[in-house]
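Visitor: These are the residues of each chain, in order.
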Amino acid sequence: MKKERSYIDSVHHAGRIWNLSVMVILLLFPVAVSLIFNAGIDWRGFAFGMLATAPMYWAVGIIETFTYVPMLGAGGSYLAFVTGNITNLKAPAALNALEQVNADIKTEEGEIVSTIAIAVSSIVTTLIIVLGVLLITPLTPVLNSPALAPAFDQILPALFGGLGVVYIARNWKIAIAPVLLMLVLFTSIPALGGLVSIMVPVGVLFSLAVSRILYRKGLL
Amino acid sequence: MQFDVNHPVLYLLAGIVVLVVLAQSVAFLLRAWKRGKEIGMPMDKLRRIVISTAVFTLAPATAIVISVISLSKKLGIPLPWMRLSVVGAITYETPAAANALSAMGLEWAEITSLSATQYVTVAAVMTMGIMVGIWLVPVVGKKLIGGMISLEKRDRKWGEIFSASLFLGMISAFLGYVFSDFSSVFHGDTSGLIPPLVMLVSAAMMGVCALALKKLNWRWMNDYALPISLIVGMASAIPITAWLS
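For the protein sequence lines, the chains are Z and D, in the order given.
In this text, residue positions in the first sequence follow our numbering: the first is 22, and each later residue adds one.
In this text, residue positions in the second sequence follow our numbering: the first is 1202, and each later residue adds one.
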């Protein structure tokens, strides 16, 4: 008799199929363009382009996987790593939804909440981009106007100001050490501003280590 | 066939990729929704998550449209449309494309048109340079999630602290990032104050929303506090930038 999969197992099963299928489809895009327009790839350009790009972004990809999967749960992670914009959109969307209904990501309810938030965020983003592409001619002067540029330049401070104050107020004992460390590091080494993806796991590991010590000492 | 970065065939190919990814999001949404109903989660709760997330997404998604417009000047519309609907982010796509062009002896800033070969090479580098997460999550995701759940079972309190520490580790990195230009203030450049001030406005707005929720009993505020603080923070950037730049 066929054993029925649990919800979480069915998410992993579907996620593996979807993600690997999307990977193949993405790889087929340059292949299809090459075949349709009868144009080969510039192998030298590809090799050196990859050499300049891959080491940094593959490392970031590996680090992000181990950092964000425990935060986003199974369904949310499969989706977020396909649809992208994790730090500036999908992770905050999931965190906000979990906070809104007071759910824990390690429970089935939390898993469902995170998946719904990331799926909705992905669908809305996709539709807005489609709308933007369809209306690109009238929208370009509006969205590129110098008057609006500062607002879109400051989206991350505006996002993490609102999100940060909620989490810090609720868990201030856990927050003190990582927040202080990051403030010292970023203000004393301004070049880290371009390496925030690398600094996220540093913050996470430091936060976990300090929390463990505080917990063992009975301070949390 | 004559190649053009905005050729209708490229729209068709990009559209197929975007449709598949949209289908994955819809499939996961339906699966989670169905399971939520099965375990007795109130429909109202699920609906509230959908609406508040959709509202929250509007501003960041508009910023992504700006990235599509920015990249389309060099690469045409279909490739940036596809890349930023799937996996990508502007912080990755521009350097990846610039690296590929540079490897072919071209300068990103000086590009006015691309041949089919150059386009295929750029698309291949952009695609393969950021593929890790898509295949690594299926490989390690189940073990990582399983580890989290067993941690919770062994020690519930530490499990809760563990989750909070993960979130705060990420948030602290971004709070630090907001101060990365702060030291410029000591050299007479006050523009380094713009991100911290915008963050403060957003945090203060979140505080106002929390007060409205508590004192005025505006329950709906719980669902819209983050979008409101995000929009107010972004809007404040306009006068703050004009003042400090």
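Note that these hints are calculated values from the structure, not bench results.
From the three backbone atoms N, C-alpha and C, an ideal C-beta is built for every residue, glycine too.
Don't take every hint at face value.
[What the hints assert, rightly or not] Beta-carbon label-pair distances, calculated as ranges: (1) Val1341/D <-> Asn165/Z: 50 to 60 Å; (2) Trp1421/D <-> Thr128/Z: 19 to 29 Å; (3) Ala1413/D <-> Ala170/Z: 22 to 32 Å.
Visitor: Is the hinted range of 50 to 60 Å satisfied by the C-beta distance from Val1341/D to Asn165/Z?
Guide: With a Cβ separation near 40 Å, Val1341/D and Asn165/Z fall outside 50 to 60 Å, so the hint is violated.
Visitor: Given the hint of 22 to 32 Å, is the C-beta distance from Ala1413/D to Ala170/Z inside that range or not?
Guide: 31 Å, holds
Visitor: Indicate whether the distance between the beta carbons of Trp1421/D and Thr128/Z respects the range 19 to 29 Å.
Guide: 25 Å, holds
Hint 1 alone, counting from the list given before, is not met by this structure.
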